[in-house]
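K.L.:
Chain by chain, the residues:
There are 2 protein chains.
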Amino acid sequence: MTAVGQLLRIGCAALLLAFGSSGPSMADSAAEEQQIRALDEEWVAAVARKDAAASAAFYAEDGAILPPNGPLAKGREAIAAVWQGLFGLANFDLTFAPTEVHVSSAADLAYEIGTYALSFSGDHGPVNDRGKYVVVWKKDDGAWKVVADIFNSNGASQ
Amino acid sequence: MTAVGQLLRIGCAALLLAFGSSGPSMADSAAEEQQIRALDEEWVAAVARKDAAASAAFYAEDGAILPPNGPLAKGREAIAAVWQGLFGLANFDLTFAPTEVHVSSAADLAYEIGTYALSFSGDHGPVNDRGKYVVVWKKDDGAWKVVADIFNSNGASQ
Chain D
157 MTAVGQLLRI
167 GCAALLLAFG
177 SSGPSMADSA
187 AEEQQIRALD
197 EEWVAAVARK
207 DAAASAAFYA
217 EDGAILPPNG
227 PLAKGREAIA
237 AVWQGLFGLA
247 NFDLTFAPTE
257 VHVSSAADLA
267 YEIGTYALSF
277 SGDHGPVNDR
287 GKYVVVWKKD
297 DGAWKVVADI
307 FNSNGASQ
Chain R
157 MTAVGQLLRI
167 GCAALLLAFG
177 SSGPSMADSA
187 AEEQQIRALD
197 EEWVAAVARK
207 DAAASAAFYA
217 EDGAILPPNG
227 PLAKGREAIA
237 AVWQGLFGLA
247 NFDLTFAPTE
257 VHVSSAADLA
267 YEIGTYALSF
277 SGDHGPVNDR
287 GKYVVVWKKD
297 DGAWKVVADI
307 FNSNGASQ
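Heads up: the sequence lines are chains D and R, in that order.
Just so you know, we're using this note's numbering here: the first sequence kicks off at 157 and counts up by one.
Just so you know, we're using this note's numbering here: the second sequence kicks off at 157 and counts up by one.
Calculated directly from the structure, the hints in this document are not laboratory data.
Accuracy of the hints is not assured; some may be wrong.
A pair holds if it fits inside one copy or across any two, identical chains being indistinguishable in the list.
Once the Cα atoms are required to be at most 30 Å apart in a straight line, the calculated BS3-like pairs of lysine-lysine come out as [said to hold, decoys possible]:
id : residue 1 : residue 2
1  : K230      : K301
2  : K206      : K230
3  : K294      : K230
Since this is a predicted model, take the numbers as computed values, not measurements.
Chain D on its own, in the form it takes in the complex (with noise of 0.2 Å):
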């Protein structure tokens, strides 16, 4: 054989590494998944110490949060303002869960369709809202971060 070929050789196994088992088509999507699910978790967590900062934390730089009767936010700062502007209702409880999680061949993008139940005291009385939300998250430098973050209520025939 020659050099060459032995080089082609070396570049051959080089390419099956590369793209045979750990490569774009062949994430481990169930993996991917559990680990948006814990992130979940903990971030319902940081909400329910009411941590405007640790809550945004769970954003890319450029994600965005799009409440009902807002504007959208984008970016950490802006995110985190509308946090504390929900961890200011009085009696402010909410907690939220994926019922399905979708994560790319290439594990670079996912997304989650999910319940929240949310409940503070209003003006007129005690407000106690079921709804419903998207969140879509990307790999950022290895780690899961939300692009965008949406959600809406079920309304009164909830």
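Here the structure of chain D is known, so what remains is to put chain R in place on it, guided by the hints.
P.N.:
Chain R alone, transformed into the frame defined by chain D:
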């Protein structure tokens, strides 16, 4: 060069073709984004025609719409019913367009953030609602289909 070496060279070239120019990490994201933006324009046109079946056909078979003040609706039949309800509003008019579209590296998942303008004649006078949305797309048998569609109002301060 041995026959084995020759086979490896051929196999190596095939691998380069498979993963080099058109592989999952090399998808033409600009072209994919344009496909999605073109679908959005067709979708807006279907809504302008008040064509519920055509509007629902933009969603995947297991797609979901998550309207404010109503339950999540999954599957094209349920989604068409939601659109039919909107189309039944007096003087209904709705337009929407993405402000950003992002495609996964393998072009199998994408999401867009956008804005909408909705107007209709309500029980208490004309309603002019401005809001925002997130739509998640997946590549389904080579065609982009909506898997999640959620929106909410900017509120009174819009």
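K.L.:
Each hint: holds or not?
P.N.:
Now for the hints, and whether the structure bears them out:
| no. | hint | in the structure |
| --- | --- | --- |
| 1 | K230 - K301 | both (14 Å within a copy, 26 Å between copies) |
| 2 | K206 - K230 | within (20 Å within a copy, 33 Å between copies) |
| 3 | K294 - K230 | both (15 Å within a copy, 24 Å between copies) |
Every hint, counting from the list given before, is met by this structure.
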